[in-house]
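Trainee: Each chain, written out:
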Amino acid sequence: MTASSATHANAVPVLALGDILLITLQGELHDTSAEQLQYDISHRIAHSPLPVNGVVIDISGVDIVDSFLGRILAEIAATARLLAAQTVLAGMRPAVAITLVELGLTLPGLDTALNVDRALALLGRAPAAPPPTRPEEGA
Amino acid sequence: MHAPLAPTTHLPIGSDADLAWVRQQVRKTATDLGFGLIQQTKLVTATSELARNTLVHGGGGHVEVTPLRAGHVCGLRLSFVDAGPGIRDLDLAMTDGYTSGGGLGLGLSGAKRLVQELIVDSCPGRGTTVTVTDWASGLPAPRTGTR
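These protein sequences, in sequence, are chains E and W.
In terms of this note's numbering, the first sequence has 151 at position 20, counting the first letter as 1, and numbering is strictly consecutive.
In terms of this note's numbering, the second sequence has 143 at position 131, counting the first letter as 1, and numbering is strictly consecutive.
A hint or two may mislead.
Stretches of chain E that chain W covers, calculated by requiring three or more beta carbons in the stretch to come under 8 Å of a beta carbon on chain W [stated by the list, open to error]:
hint: 1; stretch: 161-170
hint: 2; stretch: 195-202
hint: 3; stretch: 226-232
Reference excerpt, derived from the structure (chain E facing chain W, CB under 10 Å, subset only) [unchecked claim]:
hint: 4; residue: Gly158
hint: 5; residue: Gly235
hint: 6; residue: Leu236
Computed beta-carbon distance windows for the label pairs [stated by the list, open to error]:
hint: 7; chain 1: E; residue 1: Leu181; chain 2: W; residue 2: Asp44; range: 22 to 28 Å
hint: 8; chain 1: E; residue 1: Leu148; chain 2: W; residue 2: Gly83; range: 40 to 46 Å
hint: 9; chain 1: E; residue 1: Asn246; chain 2: W; residue 2: Asp108; range: 27 to 33 Å
hint: 10; chain 1: W; residue 1: Asp108; chain 2: E; residue 2: Leu146; range: 35 to 41 Å
hint: 11; chain 1: E; residue 1: His178; chain 2: W; residue 2: Leu49; range: 37 to 43 Å
hint: 12; chain 1: E; residue 1: Pro180; chain 2: W; residue 2: Thr107; range: 45 to 51 Å
hint: 13; chain 1: E; residue 1: Glu206; chain 2: W; residue 2: His14; range: 37 to 43 Å
hint: 14; chain 1: E; residue 1: Asn246; chain 2: W; residue 2: Glu129; range: 34 to 40 Å
hint: 15; chain 1: W; residue 1: Gly46; chain 2: E; residue 2: Leu181; range: 47 to 53 Å
hint: 16; chain 1: W; residue 1: Glu129; chain 2: E; residue 2: Ile229; range: 17 to 23 Å
hint: 17; chain 1: W; residue 1: Pro136; chain 2: E; residue 2: Ala177; range: 24 to 30 Å
hint: 18; chain 1: E; residue 1: Glu206; chain 2: W; residue 2: Ala18; range: 37 to 43 Å
Keep in mind the hints are simulated off the structure, nothing from the lab.
Keep in mind the model is a prediction, meaning the values are calculated, not measured.
Glycine residues also receive a C-beta, built at the ideal position from the N, C-alpha and C atoms.
With the sequences and hints as input, model every part of the structure.
Mentor: Right under this line is the structure:
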């Protein structure tokens with residue numbers, strides 16, 4: 132009713148990159164969208180024709196993570212693990228990290244990476260951008 | 013009491029779309045008052061916890077947003093008001109890990125650590141009002157709870 136059109140209650144898209152699912156969260160995420168995402172990811176892992184080995188959730192566009200969203204993220208990772216996929220949370224903003232620690236929500240079961248490239252590297256996939264030139268390759 | 017800097021705004025809390033709207037409005041007001049990024053993030057996170065309590069435990073209600081001024085320092089007072097069942101045991105409700113509703117039990121106790129002042133006024137059967145006051149002073153929030 133009072134929500135502006137800037138908020139989106141729509142489902143969050145889940146992209147497949149080979150055997151990795153990539154989810155990009157942006158701005159305001161409604162509680163129902165977060166719960167829907169939790170279901171969508173586990174459904175995709177369980178029913179994908181190709182095996183899913185990893186899940187990367189990019190939260191670099193997220194202003195705040197409260198205990199509700201934190202719980203959803205932890206549950207997505209726990210569910211994915213039971214379905215044989217590893218989850219990496221990518222791109223958390225420093226202010227969000229500071230706030231989560233003070234809130235008492237340190238998400239011990241979640242693997243993290245500073246950005247999506249590093250998350251993909253952590254999952255054993257080549258990063259989207261070429262890595263810095265190695266010394267041996269100069270000559 | 014500190015002088016209000018601007019009139020109080022009332023925002024309804026009746027759905028999860030309202031939660032998103034309340035977060036946005038509090039962030040915008042805190043930005044306008046000169047709150048830094050980290051303090052804003054803490055305040056908006058506390059807002060989200062408390063507004064969700066109002067919605068989930070209080071059966072909905074509203075938040076009163078009042079910009080404040082004391083000398084040269086601007087502040088913000090937020091009162092989350094519901095007419096729900098109230099909190100029977102406040103000490104228990106303020107304990108880390110205690111939950112009556114399937115959450116992580118960090119809502120009230122966690123929110124208290126994110127702001128400079130948090131006062132709970134609750135009467136069983138008559139509802140709950142949680143009032144948060146935060147100043148854009150750059151002073152660190154006092155560490156009142158256990159870490």
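Trainee: Does the beta carbon distance between Pro180 (chain E) and Thr107 (chain W) stay inside 45 to 51 Å, or does it fall outside?
Mentor: holds (48 Å)
Trainee: Starting from the range 47 to 53 Å, see whether the pair Gly46 (chain W) and Leu181 (chain E) falls in it by beta-carbon distance.
Mentor: holds (51 Å)
Trainee: Just tell me: holds or violated, for the beta carbon distance of Glu129 (chain W) and Ile229 (chain E) against 17 to 23 Å?
Mentor: Because 20 Å falls inside the window, the suggested range holds.
Trainee: Has the hinted range 37 to 43 Å been met by the Cβ atoms of Glu206 (chain E) and His14 (chain W)?
Mentor: Between Glu206 (chain E) and His14 (chain W), where Cβ atoms are some 41 Å apart, the hint holds.
Trainee: Go ahead and decide if the range 24 to 30 Å is satisfied by the Cβ distance of Pro136 (chain W) to Ala177 (chain E).
Mentor: violated (45 Å)
Trainee: Could you check the hint for me, namely that Asn246 (chain E) and Glu129 (chain W) are 34 to 40 Å apart, CB to CB?
Mentor: 37 Å Cβ-Cβ, so the 34 to 40 Å window holds.
Trainee: How does the coverage statement for the stretch 195-202 of chain E fare against chain W, requiring three or more residues with Cβ below 8 Å from a Cβ of that chain?
Mentor: holds (count 7)
Trainee: Per the hint of 40 to 46 Å, is the separation of the Cβ atoms of Leu148 (chain E) and Gly83 (chain W) within bounds?
Mentor: violated (54 Å)
Trainee: Taking the beta carbons of Glu206 (chain E) and Ala18 (chain W), is their distance inside 37 to 43 Å?
Mentor: For Ala18 (chain W) against Glu206 (chain E), whose Cβ atoms are near 40 Å apart, the range 37 to 43 Å holds.
Trainee: Should the hint that Leu181 (chain E) and Asp44 (chain W) are 22 to 28 Å apart at their CB atoms be regarded as holding?
Mentor: Check failed, 49 Å falls outside 22 to 28 Å.
Trainee: How about Leu236 (chain E): closest beta carbon in chain W under 10 Å, or not?
Mentor: Holds: closest Cβ of chain W sits about 6 Å from Leu236 (chain E), inside 10 Å.
Trainee: Against chain W, with CB atoms and a cut of 10 Å, does the hint on Gly235 (chain E) hold up?
Mentor: holds (5 Å)
In summary, the numbered hints that this structure violates are 7, 8, 17.
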